[in-house]
Amino acid sequence: MNTKKGSVNPWQRCLVLTAASTAVAAGSALLPASAASAISMPHGAVQTLSSPAVQSDRANVDWNNRIYRLTCDDIVSTAVPVTVRNGRGTAGGGAIGGYDRWDVRIQQIAQGTLPRLGNVAAVLFSCSPQPSNFYVEELRIYRATDGREVGRTPTFQVAGLSPKYQPNTVRFSNGHLLADVKFYGPGDSHASGPSILRHVTWGWNGREFVKQSEVEA
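Here the sequence shown stands for residues 107 to 323, where the numbers follow this note's numbering.
It is worth saying that the hints were derived from the structure and are not from the lab. Backbone N, C-alpha and C define an ideal beta-carbon position, used for all residues, glycine too. Careful: at least some of the hints might be erroneous.
Pairwise CB distance ranges (calculated) [said to hold, decoys possible]:
#	residue 1	residue 2	range
1	S298	E322	11 to 21 Å
2	G199	N170	16 to 26 Å
3	N239	H282	31 to 41 Å
4	G253	P273	31 to 41 Å
5	G291	R191	15 to 25 Å
Can you build the whole structure from these sequences, using the hints too?
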């Protein structure tokens with residue numbers, strides 16, 4: 107094939123481009139994952155290890171082993187720190203309302219999404235002040251990426267004994283937080299337990315969680 111002086115033979119050009127592509131592929135295989143992904147991303151869109159997307163992917167909150175701040179469902183007005191290990195913890199000292207201690211247990215952990223908050227986790231605690239023969243419950247919500255507290259559901263305003271969350275019913279659905287809760291009726295006692303089942307729904311209004319519905323089952 108005849109070519110002009112100083113021009114590149116098309117077959118030579120093909121060989122040069124093939125060699126260059128092979129070298130780039132081999133080099134990227136030796137790079138860290140973050141750098142390799144930067145090569146393949148659009149111009150100007152470089153993802154680094156400090157970017158929020160990478161941090162959220164690596165976040166791993168151990169909900170059963172961390173420090174929480176609780177009020178024992180408003181037994182005290184100021185939340186006190188409780189160190190939880192394997193889902194259980196104890197709080198003591200002068201800030202817990204005159205009791206010797208609080209025995210705290212995580213009853214359920216539910217994860218989902220809420221509007222304006224994104225990925226969240228709801229943690230249901232039972233708190234038994236000692237000495238006593240009762241326990242109360244407290245439902246708090248945290249950001250799933252880093253464990254920061256968002257807020258808690260309000261205490262049920264009832265005249266008698268506190269209602270009881272039903273096992274494993276806390277959940278997220280259609281942008282709301284829901285749970286099945288049993289309330290004490292006129293003929294119920296502490297020994298018999300509550301008998302009135304209601305479906306309760308809460309929503310986030312941008313500042314706090316508010317009860318949106320309480321429907322008898």
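Comparing the hints with the structure gives:
1. S298 - E322: 11 to 21 Å: holds (18 Å)
2. G199 - N170: 16 to 26 Å: Hint holds: Cβ distance 23 Å, inside 16 to 26 Å.
3. N239 - H282: 31 to 41 Å: Holds - the Cβ-Cβ distance for N239 and H282, about 34 Å, lies within 31 to 41 Å.
4. G253 - P273: 31 to 41 Å: With Cβ atoms ~24 Å apart, the hint is violated.
5. G291 - R191: 15 to 25 Å: violated (37 Å)
Hint check: violations occur at hints 4, 5; the rest are consistent with the structure.
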